[in-house]
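*Asks:* Going down the list, the sequences are from chains A and B.
Position one of the first sequence corresponds to residue 1 (this note's numbering), numbered consecutively onward.
Position one of the second sequence corresponds to residue 295 (this note's numbering), numbered consecutively onward.
FYI, nobody ran anything at the bench for these hints, they're computed from the structure.
Do not take every clue at face value.
Claimed, not checked - Here's a subset of chain A near chain B, in silico, CB distances under 10 Å, partners left out: (1) Met-19; (2) Leu-151; (3) Pro-248.
Unchecked claim - Each computed DSBU-like pair below joins lysine-lysine, with the alpha-carbon atoms no more than 30 Å apart: (4) Lys-263(A) - Lys-348(B); (5) Lys-366(B) - Lys-30(A); (6) Lys-166(A) - Lys-441(B); (7) Lys-407(B) - Lys-156(A); (8) Lys-176(A) - Lys-441(B); (9) Lys-348(B) - Lys-407(B); (10) Lys-437(B) - Lys-263(A).
Just so you know, even glycine gets a beta-carbon here, dropped at the ideal spot from N, CA and C.
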Amino acid sequence: MSLVPQVLRSLKNLPPFPMVAQRTLILLNKPEVSIQELVEVVKFDPAITANILRISNSAYFGLRREIHSLHQALLLLGTQELLKIIIASGATRLFNAPTPGYFTERQGLWRHSVSCALMVSVLCRELSLPDHATGFTAGLMHDIGKIVLSLFVEQKFHEIMEVVEKQGVSFQAAEKIILGVDHAEMGGEMARMWDFPDRLRLAITYHHLDKPEAYTDDLILLVYLADILCLMFGQDLGVDGLAYTGYPEVLRHFHLRERNLQKVLLQFGSAWDEAQILFGLMGKKDGVQRANRG
Amino acid sequence: MVGVADMKISNQTEQVVITHALGSCIGVAIYDPHVRVGGLLHYMLPDSSLDEEKGRENPFMFADTGIPRLFKECYRLGAVKQRMLVKVAGGSQVLGGPEHFNIGRRNYAALRKIFLKNNVLIGKEDVGGTKARTMYLEIATGKVWVKIIGQNQTIIEL
Numbered sequence: 001m002s003l004v005p006q007v008l009r010s011l012k013n014l015p016p017f018p019m020v021a022q023r024t025l026i027l028l029n030k031p032e033v034s035i036q037e038l039v040e041v042v043k044f045d046p047a048i049t050a051n052i053l054r055i056s057n058s059a060y061f062g063l064r065r066e067i068h069s070l071h072q073a074l075l076l077l078g079t080q081e082l083l084k085i086i087i088a089s090g091a092t093r094l095f096n097a098p099t100p101g102y103f104t105e106r107q108g109l110w111r112h113s114v115s116c117a118l119m120v121s122v123l124c125r126e127l128s129l130p131d132h133a134t135g136f137t138a139g140l141m142h143d144i145g146k147i148v149l150s151l152f153v154e155q156k157f158h159e160i161m162e163v164v165e166k167q168g169v170s171f172q173a174a175e176k177i178i179l180g181v182d183h184a185e186m187g188g189e190m191a192r193m194w195d196f197p198d199r200l201r202l203a204i205t206y207h208h209l210d211k212p213e214a215y216t217d218d219l220i221l222l223v224y225l226a227d228i229l230c231l232m233f234g235q236d237l238g239v240d241g242l243a244y245t246g247y248p249e250v251l252r253h254f255h256l257r258e259r260n261l262q263k264v265l266l267q268f269g270s271a272w273d274e275a276q277i278l279f280g281l282m283g284k285k286d287g288v289q290r291a292n293r294g
Numbered sequence: 295m296v297g298v299a300d301m302k303i304s305n306q307t308e309q310v311v312i313t314h315a316l317g318s319c320i321g322v323a324i325y326d327p328h329v330r331v332g333g334l335l336h337y338m339l340p341d342s343s344l345d346e347e348k349g350r351e352n353p354f355m356f357a358d359t360g361i362p363r364l365f366k367e368c369y370r371l372g373a374v375k376q377r378m379l380v381k382v383a384g385g386s387q388v389l390g391g392p393e394h395f396n397i398g399r400r401n402y403a404a405l406r407k408i409f410l411k412n413n414v415l416i417g418k419e420d421v422g423g424t425k426a427r428t429m430y431l432e433i434a435t436g437k438v439w440v441k442i443i444g445q446n447q448t449i450i451e452l
């Protein structure tokens, strides 16, 4: 029996997308963003401003000089890095609820999302592509469908796993078979309700490359690859494990060999260590999370 | 607690050494029951020729630099090679053909090669598949458990 009507009904209770993040998403499309525009977006949210300063001064950027103001942060880090921080800070509220259908750890989805966003940045560097905040954001948001679908996956977990094991299909394909809808489609639907920019919405919808449309935008392929590499890296894995499909044509598309993937994982290891402050945005107890990351 | 590209050696019998969420990485647990010395290594990649400087900086990143260190450090606490019990977990893979997304399999192949060359036998192992695993080594007994990350958190003893 399809759960689609029930799933869609649950979308009616979808909370609004955090306002600061929403306004920042619009800025992603602009070729130039002025300091004034950024200040306008964050000035009513002191928590985000505090986060910007905290992250700017963390090991993630490793700046020698201490940053005291938004203006200084912009000058030293540049617009794209600042946009990443604002979006990550603004989006935390979205990921606040646990998603037991996918992750046994309360903050599992947040940690996986941040990892994927970081992995997109590392990949961009390896591919000599501009490390634009759009890629980071798409990595951060790719699994938002799991926020809503978790409840249904939790109820039908055993049936979904049985399909994965017996038919050898991906977890996402099994969701579609058992629930009638998968987390990528669900995320696309949420992105539509929240008025995300089209490119971002499509990256969310097609991030498992299950439709030919996925191959129309490198952004989608980057998010896909980053997601797969995060699964290989391990650490913030969910109950779905590595049950997703590796498509070699994506590697060919980017002219990546296995050795390149190994290099990306190597670099990601250091980036992941330095970015613990981003993982910590969610909770108060940074120390506890550090202890947990091993 | 053993992080990614990390290792812990112990002869403290009250300790349980843990490494979390192995994806394509591999966890190697070795134990000498005679002196109750054990070690757990969590390496990420097969071969340090990828980045020799990183391999020197952190030998636990790679199989070829990490595995010898694991044994050596245990010898320093009195362990003897012939008595060592060796257990291995991890090396998962994503779905799809055997080409390209192969790091899990290569990690395992590198380990087999090193063990073959040095006459080390693997006692038990739980490798491959698409599962995420957490690995435990109890220093008092040398028991090794693998927890499959999932709704039931299945635990198997190796």
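*Asks:* Hint by hint, say whether it matches the structure.
*Replies:* Status of the hints after comparison with the structure:
Annotation: interface hint on Met-19(A) violated; nearest CB of chain B at approximately 34 Å, more than 10 Å. For Leu-151(A), the interface hint is violated, the least distance from its beta-carbon to any beta-carbon of chain B being 14 Å, above 10 Å. Restraint check, Pro-248(A) versus chain B: the minimum CB separation of about 4 Å is within 10 Å; hint holds. Our distance criterion of 30 Å between C-alpha atoms is met by Lys-263(A) and Lys-348(B), whose separation comes to about 11 Å.
Of the supplied pair hints, the one linking Lys-366(B) and Lys-30(A) is violated, its CA atoms being roughly 57 Å apart against a limit of 30 Å. In summary, the hint linking Lys-166(A) to Lys-441(B) is supported, as the alpha carbons are separated by about 21 Å, within the 30 Å threshold. Distance check on the hinted pair: Lys-407(B) and Lys-156(A) sit about 42 Å apart at the alpha-carbon level, beyond 30 Å; violated. A threshold of 30 Å between alpha carbons decides the hint, and for Lys-176(A) with Lys-441(B) the separation of about 27 Å falls inside it, so the pair holds.
Taking the CA atoms of Lys-348(B) and Lys-407(B), the gap is about 22 Å. The hint holds against a cut of 30 Å. With a C-alpha separation of about 34 Å, the suggested pair Lys-437(B) and Lys-263(A) falls outside the 30 Å cut-off, and the hint is violated.
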